[in-house]
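Starting from the structure of chain C, add chain F where the hints point.
Keeping their order, the protein sequence lines are chains C and F. Each residue of the first sequence is one higher than the last, beginning at 1 in the UniProt record's numbering. Each residue of the second sequence is one higher than the last, beginning at 1 in the UniProt record's numbering.
By construction, these hints were calculated from the structure, which means they are not laboratory data. It should be emphasised that the depicted structure is a prediction, and the values quoted were computed from it without experimental measurement. All C-beta atoms in this analysis are idealised placements derived from N, C-alpha and C, irrespective of residue type, glycine included. Please note that a few of the clues may not be correct.
Rough simulated footprint, nothing fancy, chain F against chain C, three-plus residues with beta-carbon under 8 angstroms [said to hold, decoys possible]: (1) 52-58; (2) 316-322; (3) 471-484.
Each pair of labels, with its calculated beta carbon distance range [stated by the list, open to error]: (4) C:R390 to F:A352: 26 to 34 angstroms; (5) F:A389 to C:G326: 21 to 29 angstroms; (6) C:I139 to F:S208: 30 to 38 angstroms; (7) C:G131 to F:Y291: 32 to 40 angstroms; (8) F:A389 to C:R57: 52 to 60 angstroms; (9) F:D388 to C:A352: 26 to 34 angstroms; (10) F:A306 to C:V394: 34 to 42 angstroms.
Protein chains: 2
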Amino acid sequence: MKKLYALALLALLGTGQATDPLLKVRQFRRAHEQELLREFEQLVAIPNVAADTANLRHTALFIQDMMRRRGIKTQLLAAPAAGVPPVVFGEVRTPGATRTIIFYAHYDGQPVNPAQWREGLAPFQPTYATGPLDRDGKITPRPAPGQPVSPDWRLYARSASDDKAGVMTILAGYQALAASKLKPKVNIKFFFEGEEERGSPHLAEILSRYKALLASDLWVICDGPVHQSGRKQVVFGARGDVNMSLKVYGPRRPLHSGHYGNWAPNPALALARLLASMEDSTGRVRVAGFYDDVTPLTPAEKAALARVPNLDQTIRQELGFARPYGTGQSLVELLNQPSLNINGMQSANVGAQAANVIPTVATAVLDLRLVPGNDAQRQVQKVIRHIDARGYHVTAAEPTDAERAQYPLLVRVQPETGYNAQRTPLDLPMAQQVIKAVQTTTPSPVVVLPTMGGSLPLYVFEQQLNAHTITVPVANYDNNQHAENENIRLGNLWEGLETMAAIMLLK
Amino acid sequence: MKKLYALALLALLGTGQATDPLLKVRQFRRAHEQELLREFEQLVAIPNVAADTANLRHTALFIQDMMRRRGIKTQLLAAPAAGVPPVVFGEVRTPGATRTIIFYAHYDGQPVNPAQWREGLAPFQPTYATGPLDRDGKITPRPAPGQPVSPDWRLYARSASDDKAGVMTILAGYQALAASKLKPKVNIKFFFEGEEERGSPHLAEILSRYKALLASDLWVICDGPVHQSGRKQVVFGARGDVNMSLKVYGPRRPLHSGHYGNWAPNPALALARLLASMEDSTGRVRVAGFYDDVTPLTPAEKAALARVPNLDQTIRQELGFARPYGTGQSLVELLNQPSLNINGMQSANVGAQAANVIPTVATAVLDLRLVPGNDAQRQVQKVIRHIDARGYHVTAAEPTDAERAQYPLLVRVQPETGYNAQRTPLDLPMAQQVIKAVQTTTPSPVVVLPTMGGSLPLYVFEQQLNAHTITVPVANYDNNQHAENENIRLGNLWEGLETMAAIMLLK
Chain C
1 MKKLYALALL ALLGTGQATD PLLKVRQFRR AHEQELLREF EQLVAIPNVA
51 ADTANLRHTA LFIQDMMRRR GIKTQLLAAP AAGVPPVVFG EVRTPGATRT
101 IIFYAHYDGQ PVNPAQWREG LAPFQPTYAT GPLDRDGKIT PRPAPGQPVS
151 PDWRLYARSA SDDKAGVMTI LAGYQALAAS KLKPKVNIKF FFEGEEERGS
201 PHLAEILSRY KALLASDLWV ICDGPVHQSG RKQVVFGARG DVNMSLKVYG
251 PRRPLHSGHY GNWAPNPALA LARLLASMED STGRVRVAGF YDDVTPLTPA
301 EKAALARVPN LDQTIRQELG FARPYGTGQS LVELLNQPSL NINGMQSANV
351 GAQAANVIPT VATAVLDLRL VPGNDAQRQV QKVIRHIDAR GYHVTAAEPT
401 DAERAQYPLL VRVQPETGYN AQRTPLDLPM AQQVIKAVQT TTPSPVVVLP
451 TMGGSLPLYV FEQQLNAHTI TVPVANYDNN QHAENENIRL GNLWEGLETM
501 AAIMLLK
Chain F
1 MKKLYALALL ALLGTGQATD PLLKVRQFRR AHEQELLREF EQLVAIPNVA
51 ADTANLRHTA LFIQDMMRRR GIKTQLLAAP AAGVPPVVFG EVRTPGATRT
101 IIFYAHYDGQ PVNPAQWREG LAPFQPTYAT GPLDRDGKIT PRPAPGQPVS
151 PDWRLYARSA SDDKAGVMTI LAGYQALAAS KLKPKVNIKF FFEGEEERGS
201 PHLAEILSRY KALLASDLWV ICDGPVHQSG RKQVVFGARG DVNMSLKVYG
251 PRRPLHSGHY GNWAPNPALA LARLLASMED STGRVRVAGF YDDVTPLTPA
301 EKAALARVPN LDQTIRQELG FARPYGTGQS LVELLNQPSL NINGMQSANV
351 GAQAANVIPT VATAVLDLRL VPGNDAQRQV QKVIRHIDAR GYHVTAAEPT
401 DAERAQYPLL VRVQPETGYN AQRTPLDLPM AQQVIKAVQT TTPSPVVVLP
451 TMGGSLPLYV FEQQLNAHTI TVPVANYDNN QHAENENIRL GNLWEGLETM
501 AAIMLLK
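Just chain C, with the same shape it has in the complex (with noise of 0.2 angstroms):
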């Protein structure tokens, strides 16, 4: 009976070298998963892109419902302007504390195509599957109460992963303390924003009304994925980024390639020809001062680099290429320089619906991510410039009958607002705590890292408020975050449920 026992234990402990308090918060998980799920499965259901203003003040909502039912104390944040998504607010004050933690995420997503998902699988109708649906696993019903499910099932939804999973772990994180009789020893205060995957556009103004409630000592932020070995992250900082469109133009109609071709100009190649003058085959950015201001990384932020470890390999050989970019750096280092990235492309169509025709325009969307030392707005101007030395005349609006006339070269140009990146100094006492924190939950090293390659409005929190930042991700690495087929392995919440609550109890 007593070997049983300590096997039982053992098993409960899982392999984590949890302490007493955190054997009480994976209790009570373990006897509220399914209630946990079917809660997580109506956020997911909710639609989240930004167009769809009507549904993300349904989600913010049921955020509030979510909190209420939690004993939290909640409000929105809205910014001056109408129609903007409202930042969720919550907080929990604790008799005699001196210092406050403020939890961020954000429940807004990114676009999503539904014709580009998988067959059975619809951006906000969530599904469970066994696996990975790329790999071995198979599409199941939702499970059966009492019904036991390993920990690397998955549900499919837009932002299962980015960042409705941050929303989740954090509220169910402070959920297992409060039952469980744990009392932190901070403040907690809750923050969800719902414009993040737009860049934030209203961030900086709601930081600065509501400047006193959110007085704090750190926020947390909970986005991205966890390493890629599995191991648990803490982030000291992100990319800052900024997109672009361009939109290059051919003839007002669309013309017949046979009659015309030859004569007619292609705005498909005009555009083809122009980024590909952006970038080497390399990866490495062609456009002018592209790199001069990027600020150099610390001994201390190279030291921790070199401790990250590295599956470069084995990640290139599961996403099946040849050859990464760079010529020999890490994933990890490369991800602290600036990237050109094209998003999207097209011109007229391709496939099925392909005509012989010379499209009338051709369009990308860039993504440009920035670290520490670059400018959002001037890093957006060196391309502008470079698009301008190729002998382009760059419009901001649609060409008018006159510059068509005159401009044999011509592309719109939008480019969005952006913000910069930010990286909190490796040394900061209370994020020191954080990771001391999290280690408790896990037996694997907690790999530190200087900066994410995503991006995070840290700029913003920093330029608003002068606070510190500390980023502690809880999302598998696989999640096809951005893209059709978004994910996240239970597992994953279960952990990042058991990372909050350490950090909630922090000292």
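Then chain F, alone, in the frame of chain C:
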């Protein structure tokens, strides 16, 4: 009264120098415009894209009905393989005639993307407009019985011009003769193909199978637009045509452009670089040997080209671009060279659906137009060699895991069959008679063009039947052929009807 009568007669004659028989043809048409339009509306309302074989068959049967209503003996000519849209054949014997003219048009249309059609239009919902909708035209209801209809009105629908206008004007031309008791001096045959826009993959088989039935002295091909000046046109050849699609591969699943941007290769960039390498900014193709095997124009052909009215400046202004391709050549000169056109290009999404991802694939469809001397598959091979020389591994199928692991640059190339160009000698006596016949229907000099820029499977007729072909188009040049918002100017239907009737009266 007398003066009025003379004016009315002049109006009836229009500006053409109509001979007596043509006057009767015109009277018939004026009296039956509305009936003809009703029938044409029904014809263009039947979907006719290649994938929709059921409706292609429906179209063929509808055309047979049209022929039977006109007393034409008809049968369907099938290819040996099942599921191939049949040729609709018809025949009218003329007692004592020693010569036979066979009239060709095609009833299939280019693919459609209904989302790209203008508001109020749909590809298979014929819609009238008072003029071109991209200029001052307005959508207008079907004309009421007895309501006079301006020849400048347009009918919008897929294949309204390309090439159901050909089917309609040939059959209505014959109908006008029969109703006016005008007896042709030649035997007349009708041949309406159902796979032209797919590159006529079964035409050779059908021609060979029905060789005896299809015996003739001249094929009159009714397809393509009249000259941009509105002048009627007789064309002695067409470019050949072959399409090929390219698909470049990136990571197996779409990746977050932040977490992997700078490291995972972007297939949109690779495709842009590949396409950019194929053609310079003047449209000159940089594929090795692309222009090598072109048969030079004869002195007579060069002289004919010099006589073609040059409206390039006007069309360029109307189409809204500043500089045509080439180095100063005219449109008709450039059409005597092979071309490489990007029909369409796509990777991930743009616009509202654009997401911050590294796409998994990027595709393009190329359209190669050929001139005499070129061979379709030889031209395709030149492009493949070019791709190969740029370091790409070219595959015919989706790449295997081993290919993905081995080759940094991977492209799937899928060429279609295509066909070669053809040119009939300018001095062919029967062709000269056709020019004279067409000239009787119009006061403006008929434009004689050695080749059209567009393609027709004329080469196949020559190869299989040793047949002579001459092309007599009827559509307006600004018809959006192959694209969204395709339309026919009603006056072109009426003038086309007269053109076809005049050719049927050849002595």
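Hint numbers not upheld by this structure, sorted from lowest to highest: 1, 6, 7
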